[in-house]
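Novice: In case you want the letters, here they are:
Number of protein chains: 4
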Amino acid sequence: MVIITNPGITEEQLEHIREYVEARGMRTMISRGERQTIVGCIGDDDVLREMALHRLPGVQAVVPIMKPYKLANVQFTARRTEVRVGDAPDQVIGGGDAISVIAGPCSVENRSMLHETAVSVRDAGAIMLRGGAFKPRTSPYSFQGLGLEALEMLAEVRAETGLPIVTEVMDTRQVEVVAEHADMLQVGARNMQNFALLAEVGRVQRPVLLKRGLSATIEELLMAAEYIMVNGGRDVVLCERGMRTFETATRNTLDIAAIPVLKRETHLPVIVDPSHAGGLADLVAPLAFAAIAAGADGLIVEVHPTPESALSDGDQSLTLDAFSDLMQRLVPFAEAAGRTLAVPSV
Amino acid sequence: MVIITNPGITEEQLEHIREYVEARGMRTMISRGERQTIVGCIGDDDVLREMALHRLPGVQAVVPIMKPYKLANVQFTARRTEVRVGDAPDQVIGGGDAISVIAGPCSVENRSMLHETAVSVRDAGAIMLRGGAFKPRTSPYSFQGLGLEALEMLAEVRAETGLPIVTEVMDTRQVEVVAEHADMLQVGARNMQNFALLAEVGRVQRPVLLKRGLSATIEELLMAAEYIMVNGGRDVVLCERGMRTFETATRNTLDIAAIPVLKRETHLPVIVDPSHAGGLADLVAPLAFAAIAAGADGLIVEVHPTPESALSDGDQSLTLDAFSDLMQRLVPFAEAAGRTLAVPSV
Amino acid sequence: MVIITNPGITEEQLEHIREYVEARGMRTMISRGERQTIVGCIGDDDVLREMALHRLPGVQAVVPIMKPYKLANVQFTARRTEVRVGDAPDQVIGGGDAISVIAGPCSVENRSMLHETAVSVRDAGAIMLRGGAFKPRTSPYSFQGLGLEALEMLAEVRAETGLPIVTEVMDTRQVEVVAEHADMLQVGARNMQNFALLAEVGRVQRPVLLKRGLSATIEELLMAAEYIMVNGGRDVVLCERGMRTFETATRNTLDIAAIPVLKRETHLPVIVDPSHAGGLADLVAPLAFAAIAAGADGLIVEVHPTPESALSDGDQSLTLDAFSDLMQRLVPFAEAAGRTLAVPSV
Amino acid sequence: MVIITNPGITEEQLEHIREYVEARGMRTMISRGERQTIVGCIGDDDVLREMALHRLPGVQAVVPIMKPYKLANVQFTARRTEVRVGDAPDQVIGGGDAISVIAGPCSVENRSMLHETAVSVRDAGAIMLRGGAFKPRTSPYSFQGLGLEALEMLAEVRAETGLPIVTEVMDTRQVEVVAEHADMLQVGARNMQNFALLAEVGRVQRPVLLKRGLSATIEELLMAAEYIMVNGGRDVVLCERGMRTFETATRNTLDIAAIPVLKRETHLPVIVDPSHAGGLADLVAPLAFAAIAAGADGLIVEVHPTPESALSDGDQSLTLDAFSDLMQRLVPFAEAAGRTLAVPSV
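Same order as they appear, the protein sequences are chains R, Z, L and E. Start counting the first sequence at 1; every next residue gets the next number (the working numbering). Start counting the second sequence at 1; every next residue gets the next number (the working numbering). Start counting the third sequence at 1; every next residue gets the next number (the working numbering). Start counting the fourth sequence at 1; every next residue gets the next number (the working numbering).
It is worth saying that the hints were derived from the structure and are not from the lab. Treat the hints with care, as some may be off.
If you want the footprint, here are the derived chain Z segments under chain R, 3+ residues with CB under 8 Å [stated by the list, open to error]:
1) 11-25
2) 177-183
3) 191-205
4) 310-317
Here are some chain L residues the structure puts well away from chain Z; computed CB gaps all over 10 Å [said to hold, decoys possible]:
5) Asn6
6) Glu152
7) Gly162
8) Ala179
9) Ala258
10) Arg264
11) Pro305
12) Pro332
For clarity, every value in this text was computed on a predicted model and none was experimentally measured. For every residue, glycine included, the Cβ atom is placed at its ideal position computed from N, Cα and C.
Working from the sequences, and respecting the hints, build out all of it.
Specialist: In structure tokens:
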């Protein structure tokens, strides 16, 4: 932590700052300039982060030095985390060169559409099935998902297709039941700072797909992962899915630079959701290509047999054929990025 | 709902759109222009909102007409909601001309600081005590609140001072216990779209203080209120507390225009949190004055006996004296706004 | 400037940083922590601001200390700037307790509407007339203003009413002619970082009304003022007019906290444009009240005899009567803020 | 244009709206719903765009239908624009499959560094040289560019290397002299809505590189291009260079989705500036790869022989070797995107 003082700070004020900081177990080093003096605070930043340093007379600004994330920090670990989501060799995310694609419907609508979608995306090369059982919807009058019934359909389809399952959990009370049915728990963008949920999801020690909040900074995303990890969850997959900006031409603004920044900061896998980022089916392919080019470890894509009649997110869902086509077109981008993407030839 | 079509739309595409819409129980009216044709969809917007209209060939844009909020909509009610939070005549928020001020520490740190603060803010004119028991903190390494112990302290201090209590609830599993101890449940900015929590908070039918999310639109705030109301909660107080923008000179950007916009759209009371909006004690007074001038029904202000040593939010907390002074200075602004603010003379 | 180094920095890297900084005429002070080392750089921040410190191996982050604005900095002057815009005693902005209101049409549309508006706003208490001659319009197909003809109308109406004139200048080649006709030159939000224009406007040494850019930070606004001042213009009035955010309920988001922040940072007067901030006539009054409550030195308000038929910005313009009413209602807010606003009684 | 009316609109208000619109030469079609009525306005949207429709009693919202850009609109032209910047066959941007890369220093600092950079980027495959003569700097105390002297160096280096030149113009008075020396005029992000400059740049009928403003929407970018085109400039290259958001981990947020959206909306070439978008040299490669993957027609990259000592933007400049390496690594991404990028083998 560095404290930058006001130009006219008095010696007494400076001494008060020094005492305040040292009383909290840190050492100080004071550098006096002609016009401004800075106080370096050496020790555990977490302690000072709590404190009302701005209240001390003579303080102009406070600059943290140490990154607040530790378990998620790439500097504190020997290697990149590989998250295993199923038993098959390719059912992993991160840790190596593979590009892992998750696909499936926004919501589980019924047994047959889920099964049809699962078979199709598996045959196209997806390694995992997504499908919403509990849906976070802006309006209470919108379709809220089939709940437990959908969880059971997901488990059945997993048994039939061999695809592991990821589905969203929205309530601490649901964590256990979702963990019984799913291979990976998704924490949605709107719950990225639902700290009670993060802690609970960490406790069940299942892989977690953590989506970045609409207006969360990269550091806040990493701190959300840290909440999960501190509570016991080690296998966190981070997902960039677009942020909220002034631009209205797209549903959200995909922060493509978040991928290399995250890869520099953390050992956790980073995937991208091009469906929510753009909000339109036509944008899924270019955003998916860009994500792989920028270094993402995978994708999560919404797919629906008949998007026109989808109960949610139909605008951005790919048809089964369009997804299959996307997977074929992804291959050369994966190769250009020095990655592998195993897609069955058509 | 209005569907704007592409300039080159064919008759078949237009007919497909018409059938699609009418199959969902709505009527259509087609207006043909020289270059563009629009399809008016008459009926329940909620039905169409679900649908993937962008997927229909020939559709350029879709414009909802009806406001998605109904219970919160000012047009659907005869009068403005008054939220009663205690038994004393002035322990209400909204519904009339009174300016209601809630004050107290960010976190409940111990029994004596809470009591001291409560007595002081009550004597300065606050009608309600705030105090965090469960704290949403960006870092899992930060002070997380005293939890149940804090709830009990709050209840004791209420008994002693007569001040009703508002405290944040972060987990569906806590709703019941918080409702047993508090007079009003706060849903924090980070949980504004924690829909499970909104529903649960609605079910206990207690007054709710609903804070606007950092990047939530005004419409999304009203839809969050709608979630609470649909589930049985009628007494929702909306709180503008600053949004996230590119500006870094302040912690958040107080959206002062949200006050008159909300007063135009909803019958629910609207208050402002100048402490979180600015993030610095020096900004609390000017933002509080501005809030009252813009038409707010009240304020929620962080107050601490010794902000320098506060365990959270010390930078933005007022001292007891500063709060007392603020209350005195608020009076002429309340009067200028045609409102009443009863503050004991010093 | 403080340089924060990487945890694993080597002695050689540290030495290289030291040499690099000292070769540019600054002193360094190195504070070594257990995990991280910081290098304080003492001397002129402006020199280092230019440099590619991030390129030096071992550098993690660079934190400027000194404020980059000097002439606009409140710390470098003995008193607040009063900008005189006309000869009458009340024709000043800033420097004291008076609230100064500028009013007039968005565009000068013709001689009679301008004269009618001027007489009416003067009689309501405005101290200055605004009116656009050269209009910055998003579309080249929109009305672009009457140009030179409008400047002449403005000068005539000034002669008739005694109201000084402010009008926008958009092109360095127009600065001279606008300065011949107007008492204050306006630099619009879209030109806030048109540095050639800022310099030219500074050179003619006329009062300048500088509007904050849609996505300009407060620091960037002050640096834009600095450009004018370095080039000779001393009388700069800063104008907060709303920033661009994700919220679509209003045209822009008025950054009400910018007022106290600017008053803390600079000696220049600060006024607010509630018309552009909200974009709707109904929002002008609450935003104007809030601006005065938050400490603004004045307002600039769009007024039109018949907004329905205005050639630009009709949605947000007040009628003559509505402006007159606004002025009456502003008085108690000005008084509550300890300011004076002389409005003729009706 | 579609006008959405208030639920309780009267027949008189509706009639007033109808008359108002028809008096401006448009036809109306009224669709009455149970709760809301809409008025379709058929004719030239540009006329209505000017009008204060929100002022008419009974109007709730106004929705434009037609895109306001015409010359830039992909629907109004038979083929994509190819912008020729030099005489050699590959010295074009857009119109076909080629990926065109522009490279060079942020500022022209002296003759030898410019020449060295030009030779190196040409040999690496760049088709055009960039170099700032007039620099838009946030601070008046920063290096402002060598001006005319730099223009002459650029022209000389063009003669020596055969590389056409692009350089920024910031002032209407400089347009002519810049056009004499450069092959393409750059309008910078801060001047994207400097309408006088756009018009002047259009008049000289030179190719223009138009950078998107920090907070400009895609539609506003296209309207800025429209300004240039209406004034005679046909060869406009659009450049996405990152927008301003709340995220501070990167200098700006590259709006990668803007590429496919622009390609859908306009026939003009679209390139990306990964240097300014990320603000750090390490981010240039991943953002460049992503840009090509998303469909960009080219890149503009900052390159400097010794970034550590650059007078501006050293943090984000690539070394000559790093640029050469980038070009090699771009090839497979270009191929994956079905594009061609001719890079000399090393």
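Novice: Determine for every hint whether it applies to the structure shown.
Specialist: Checked hints:
Counting residues of the stretch 11-25 of chain Z whose C-beta lies closer than 8 Å to any C-beta of chain R gives 1; at least three are required, and the coverage claim is violated. As drawn, the stretch 177-183 of chain Z meets chain R at 0 residues by the rule of a beta-carbon pair under 8 Å; below three, the given contact is violated. Counting residues of the stretch 191-205 of chain Z whose CB lies closer than 8 Å to any CB of chain R gives 7, which reaches the minimum of 3, so the coverage claim holds. Only residues whose C-beta sits within less than 8 Å of a C-beta in chain R count toward coverage, and the stretch 310-317 of chain Z has 7 of them, enough to reach three; the restraint holds.
No beta-carbon of chain Z is positioned within 10 Å of the beta-carbon of Asn6 of chain L; the least distance is around 22 Å. The non-interface label for Glu152 of chain L is consistent with chain Z: the shortest C-beta to C-beta separation is roughly 37 Å, beyond 10 Å. At the 10 Å boundary, the C-beta of Gly162 of chain L stays outside the reach of chain Z, the nearest C-beta of that chain being 30 Å off. For Ala179 of chain L, the non-interface assignment is confirmed: its Cβ lies about 32 Å from the closest Cβ of chain Z, beyond the 10 Å cut-off.
Non-interface call for Ala258 of chain L relative to chain Z: violated, since the shortest CB-CB distance, roughly 8 Å, does not exceed 10 Å. Consistency note on Arg264 of chain L: stated as away from chain Z, yet its beta-carbon is not over 10 Å from all of that chain's, at 7 Å minimum. Non-interface status of Pro305 of chain L relative to chain Z is upheld: no Cβ of that chain comes within 10 Å, the nearest being about 25 Å off. Taking the minimum C-beta to C-beta distance to chain Z, about 4 Å, the non-interface status of Pro332 of chain L is violated against the 10 Å cut.
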